[in-house]
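Enquirer: Residue strings, one per chain:
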Amino acid sequence: MAEVVLTGVSKSFGADIALDDVSITIPDGSFVVLLGPTGAGKTTTLRMVSGLDKPDIGSVSIGGRDCSGLTPAQRDVAMVFQQYSLYPHLTVRQNLEFPLKSPILRTPQIEIDRKVGEVAEVLQISHKLDNKATALSGGEMQRVSIGRALVRDPSVYLMDEPLSSLDAKLRSDLRIELKSIQADSGATLLYVTHDQIEAMTMATHVGVLDNGKLVQFGSPRDIYENPVSVYAASRLGQPRINELPADVFGGAPNAASHIGLRPEQILQGEGEESFVQRVEHLGDQTRLHLTFKAHDLITVTDAHTTLKEGDIVRIRPDKPFYFDASGARLA
Amino acid sequence: MAQIRIENVRKDFGSFNAVKSSTFTIEDGEFFMLLGPSGCGKTTTLRMMAGLELPTSGEIYIDGEEVGMKPASQRDIAFVFQMFALYPHMNVGKNISYPLLSQGMPKAQVKKKVGEIAEILGITDILRKPVGGLSGGDRQRVALGRAIVRDPKAFFMDEPLGALDAEFREHMSEELRALHDRMGATTVYVTHDQLEAMQMGDKIVVMNHGVVEQFGVPQDIYDWPATKFVAQFIGSPPMNFLDFNGMVGIGGKEVHLSDSTMAIPPSLEGANGTLTFGVRPEHVKLDDNSDYRGKVKATEYLGTTQIITLDTPNGVLKARVASSDSVKVGETTGLRFDPRTITLFDGKNGKALRSEANQGVLVNG
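Chains as they are written, first to last, in my numbering: chain F, 139 to 469; chain A, 1339 to 1703.
Next comes chain F alone, as it looks inside the complex (with noise of 0.2 Å):
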C-alpha cells in the first residue's frame, strides 16, 4: 500500500475548470472520502491518481514515485465505478478471478480460490459463484465489480460511487465490511461519494471539494465540529445547519454577516419565542421547522414531543458558528 500525492493539480475541460490547483496528501493506510455535489471535481481528482486522466498542471504521486507519463496499469491501481462492468460471458467466480490470472501475478490457484472465497463471503455473493454475470440483479452485479478490485492487493484502491446503485440495508451492511477491510489489511482508500452517511462513517480522513477547489480535508468529526465555512458545514450534518443573518440573535462579532446552527446548537425551552411551522417525526427523532424573526429554520427534538403546529417554542443559540461575508468561518 502506499502514500498519494496530489500536488498543484489544475484541470480544465474546455472552458470548464474542473480542478483548480488541488494539492492532498492521502495518507498511507488511510481511507480518504472526497465530497461534494455534482461537478465539484470528485470523480476528476480519482481520474488523475488513476492515470484516466492527465493534469494540465501539477502533479500526482503515488508511493513516492511520480506518476507523470504512467498508463493506469503501470499506476498499480484498482478501480470500481458506479457502473459495474462485467465479463458478461464468464461466470461470477471467473470475474473474481480474472484480475489474479493476470500472467505478470500468476497467482497460485489454490490462493486465487482463498481470495475468491473470502471476498465472495463479504459481499454475500458465495451463492452465486458460478452464476454468469449476466443472470444477477444489479446489486449483485454491483458487489461482484467491488469483489474484482478487492482481490487484488493494489498501491492504492479508487472507488467512485460503488454503493449508490444498492438498497438501504446492504449499502449499510458493504459500508461496514468496506471500512473494516480497509481498516484490517491497511489499504490505502479513495472513495467518491455525495453521501455525507458514506463519508462520516467509513472516512479516515474527508476532502470537502468545492467547484473544483480542495476547501478541507480533516477527519469528519474535524470537519463537523469544526467547519471551515459555511459550505463545508452544509455538508455534513441532516437536517442541515441552518444559516442566518448573525444579528437575529444579537451578541454576534462585528465581522460576522452570518449565524451557522445545527440542531444541537439550538437549546429549547429558554431565549426567544420562534413559532412552530411543522412538526415531522421520523420516528427516532422529531424535526421542528419554526419560523424566527422570519426565518425559517429546521431544529430536531424528542420524537415524542408533544409540540404541535402552531406552538411557540423559546429558542436559543449555545455556541453557534459564525461566518463571514465570504461564507469563512470566524474563529
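Hints should not be assumed to be uniformly reliable.
Capping the alpha-carbon separation at 25 Å, the derived lysine to any residue pairs in SDA-like fashion look like this [unchecked claim]:
no. : chain 1 : residue 1 : chain 2 : residue 2
1   : A       : LYS1686   : A       : SER1596
2   : F       : LYS307    : A       : PRO1375
3   : F       : LYS431    : F       : ASN392
4   : F       : LYS317    : A       : PHE1579
5   : A       : LYS1635   : F       : ALA321
6   : F       : LYS307    : F       : GLU278
7   : A       : LYS1666   : F       : ASP360
8   : A       : LYS1635   : F       : SER323
9   : A       : LYS1541   : F       : GLU418
10  : F       : LYS317    : A       : TYR1639
11  : F       : LYS307    : A       : TYR1639
12  : A       : LYS1541   : F       : ASP305
13  : F       : LYS307    : F       : GLN423
14  : A       : LYS1635   : F       : SER168
15  : A       : LYS1666   : A       : VAL1634
16  : A       : LYS1623   : F       : GLU402
17  : A       : LYS1541   : A       : GLY1377
18  : F       : LYS446    : F       : GLU408
19  : F       : LYS446    : A       : GLN1557
20  : F       : LYS307    : A       : ARG1658
21  : A       : LYS1633   : A       : HIS1594
22  : F       : LYS446    : A       : ALA1516
23  : F       : LYS446    : A       : GLU1508
24  : A       : LYS1666   : F       : GLY324
25  : A       : LYS1633   : F       : ASP422
26  : F       : LYS317    : F       : GLY277
Because the hints were derived from the structure by calculation, they are not lab data.
Given the coordinates of chain F, assemble chain A onto it according to the supplied hints.
Expert: Showing chain A alone in chain F's frame:
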C-alpha cells in the same frame, strides 16, 4: 376534495396476484403514503384508485361513490408520474393551461387561474419560457402546476421525486408538503423511501408482497410495528431482532434472553417457541452493570450520534448512542434495553404479539 376508501381490493395479472385484499381509508385532505419495496403492489394499488387499472375484485370509493370500474377520465383526479411528461413544443404557461383549455374554460379565466397556480409554485417569472431549457426542479413544478390547475378531487403521485438527487429531493419534498398544507387536497403518494414517507405523510400504508402490513400515523408505525417486515423496513438503522427460544404468558412482564431477564410491556398474548425480541437502536444503552453483553464490531460516526454494531448471544445488534460516548472496536460491553419500547414477534409468522403498549396501535391495523 375527497375521502377515498379501499375495500377488499384485489388485483391479479394472469396467475400473478399483485394485490391481495387491501382495505384502508384515506381521509379528506390527508397526505397519504403508500410505502413498500419494489413489487409490493403499491403502484398497482395507486393505479387502481386512479382508474388506470381495474380491480379484479373489491370496491374503491371516492367521495362515497363507487368508482372501481369507471375510467380515469371520469374520476376527477390528477396523476403526477415519476417521469413527468411536458409538451416540449409549448412554453410553461401553455403547458399549465392546456388541461383547462381542453375542458373549454374561457381564456380570460384560464389566464387568471394559471397566474394563481404559478404564484403558488413560484414560477411566475418563467411562464413564457420554453420547457426545454428548464432545470429538473422547474420541470417538476410545471408538471405539478398542470396537475393542480384543474382543482381535482385528489392528487395521485407515483415516486414524483425518485429521479432527483438527494439534496434536491429533500428540498422538493418540503416544497410539496408545504404546497399540500396550503391547498389541503387529498394526496396519495407512492414511495419506496421510508424516510420520505415518515417525513411527508399524515398516514402511511406499508405494503409487502401485495399485502397491507400496517396502516396508521408514522410515529405509531415506527414505535409499534405490526410485523417484522414493518419493523425492518422503517427506521435507519432498522429495528434490531434478537431471536430466542422461550415463552411469554398472558400478562407476562419479562422474557429470558440467554440467561438474562429482560422486562417487556405486559403481554396480552401467550406464545411459546421461537420468538424475536425487537428493540430500536436508540433504545439500547451501553451499561456495564448489565449482565447481557455484546462485543463491539464497528462504530460509525454520525455527528451528534454514532451507531455501534455489536455481536450478542442472540445475533447482531445496532445501538445509537451519543458520539461523545467512548466506544472501541473489540471491547465487550453490557447492554440495557428500554423496557417500555420492546416489541415481541412470533418467530413463525413474524407478527407482533399484542401488549399493553402496542394494542392501541395494532387494533387499527
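Enquirer: Look at each hint and say if it fits the structure.
Expert: Hints and how they fare:
1. LYS1686(A) / SER1596(A): Measuring from Cα to Cα gives roughly 20 Å; hence the hint holds.
2. LYS307(F) / PRO1375(A): holds, 12 Å
3. LYS431(F) / ASN392(F): holds, 21 Å
4. LYS317(F) / PHE1579(A): Between LYS317(F) and PHE1579(A) the Cα gap is close to 24 Å, so the pair holds against 25 Å.
5. LYS1635(A) / ALA321(F): holds, 12 Å
6. LYS307(F) / GLU278(F): Roughly 13 Å between the alpha carbons, so the hint for LYS307(F) and GLU278(F) holds.
7. LYS1666(A) / ASP360(F): holds, 19 Å
8. LYS1635(A) / SER323(F): holds, 16 Å
9. LYS1541(A) / GLU418(F): Answer holds: LYS1541(A) to GLU418(F) is near 12 Å, not above 25 Å.
10. LYS317(F) / TYR1639(A): This hinted pair holds, its Cα atoms lying about 12 Å apart.
11. LYS307(F) / TYR1639(A): holds, 18 Å
12. LYS1541(A) / ASP305(F): Roughly 24 Å between the alpha carbons, so the hint for LYS1541(A) and ASP305(F) holds.
13. LYS307(F) / GLN423(F): Answer holds: LYS307(F) to GLN423(F) is near 20 Å, not above 25 Å.
14. LYS1635(A) / SER168(F): Holds - the C-alpha atoms of SER168(F) and LYS1635(A) are around 19 Å apart, at most 25 Å.
15. LYS1666(A) / VAL1634(A): It holds: about 7 Å lies between the C-alpha atoms, which stays within 25 Å.
16. LYS1623(A) / GLU402(F): Given that 25 Å is the threshold and the Cα spacing comes to 20 Å, the pair holds.
17. LYS1541(A) / GLY1377(A): holds, 21 Å
18. LYS446(F) / GLU408(F): With Cα atoms ~18 Å apart, LYS446(F) and GLU408(F) stay inside 25 Å; holds.
19. LYS446(F) / GLN1557(A): Since the Cα atoms of LYS446(F) and GLN1557(A) sit roughly 14 Å apart, the hinted pair holds (cutoff 25 Å).
20. LYS307(F) / ARG1658(A): holds, 17 Å
21. LYS1633(A) / HIS1594(A): Roughly 20 Å between the alpha carbons, so the hint for LYS1633(A) and HIS1594(A) holds.
22. LYS446(F) / ALA1516(A): Measuring from Cα to Cα gives roughly 16 Å; hence the hint holds.
23. LYS446(F) / GLU1508(A): holds, 21 Å
24. LYS1666(A) / GLY324(F): holds, 18 Å
25. LYS1633(A) / ASP422(F): holds, 24 Å
26. LYS317(F) / GLY277(F): Holds, at roughly 19 Å.
In summary, the structure agrees with every hint in the numbered list given earlier.
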